[in-house]
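Peer 1: Sequence:
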Amino acid sequence: LTALADRMAAFGVGMAFHHHMGTIVETDDEVDRLMTATGRSVGLLFDTGHCLFSGGDPQSLLQRHLDRIVHFHCKDVRRAVLERARREDMSFMAAVMDGIFTVPGDGSVDFLSLLKPLAARGYEGWIVVEAEQDPAKAHPLTYASKGYFSLLATAR
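My numbering numbers the first residue of the sequence shown as -12 and each following residue consecutively.
To be clear, the hints were calculated from the coordinates, so they are not data collected in a lab.
These numbers come from a predicted model, not from an experiment.
The C-beta atom is built at its ideal place from N, Cα and C for all residues, glycine as well.
Check before you lean on any hint, since a few could be wrong.
Unchecked claim - Below, in silico cross-link-like pairs of lysine to aspartate or glutamate (DMTMM-like), each with a Cα-Cα straight-line distance of 20 Å or less:
(1) K133 with E119
(2) K124 with D93
(3) K124 with D85
(4) K133 with D121
(5) K133 with D97
(6) K133 with D93
(7) K103 with D54
(8) K103 with D44
As the list claims (entries may be wrong) - Using C-beta positions, here's what the derived DEER-type ranges look like:
(9) T129 with G9: 20 to 28 Å
(10) P127 with A81: 30 to 38 Å
(11) L139 with A81: 26 to 34 Å
All chains should be modelled from the sequences, with the hints used to inform the complete structure.
Peer 2: As C-alpha cells, then:
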C-alpha cells in the first residue's frame, strides 16, 4: 500500500484506507496493525460506525491515528440494534438491513468527542454524513439533512 500511495502522491493524489466491516481490516487492532505496517503516505478514512460495530472505541482509535486521518465518515449506530446483532450473532448485512446504522443525532456515537480533536489538529479534510440504511425505511434526504444539522449543532 505504501508503494502505491507514494506513486499516487507523485501525481498529486492521496490515498486513504477505509476500515470497514466485512473486510480484512475491521477492528481497532487491525487498523493499528495496518497503520503501523504502512508509511505516512497511506492515510486513514476514519469511520465511526464501523469502528463501533466492530467492538472498537472510536475516541481511542481516533486519538491514536489523528495525524493520519484524511477523511472522516460520521455514521451513527443504533445501540439497541448493535446489542441485538451481537446477541444474535447477526451477519454484517443482516445488521445493516435491521437498521444498525443511522445518521448523526439518531444513534449513540458521541460526535463532539471526535470532532474536538480533529478541530484542534486543524483538520481540513472531508466530513461525510453517512448511513447505510434502507431508503424505504429512512428517506435519504430527510436523514441526510438530520445528520447535517445535528453535526452542525454539535460543532458550534
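Peer 1: Are there hints from earlier that the structure breaks, and if so, what are their numbers?
Peer 2: Violated hint (a single one): 10; every other hint is consistent with the structure.
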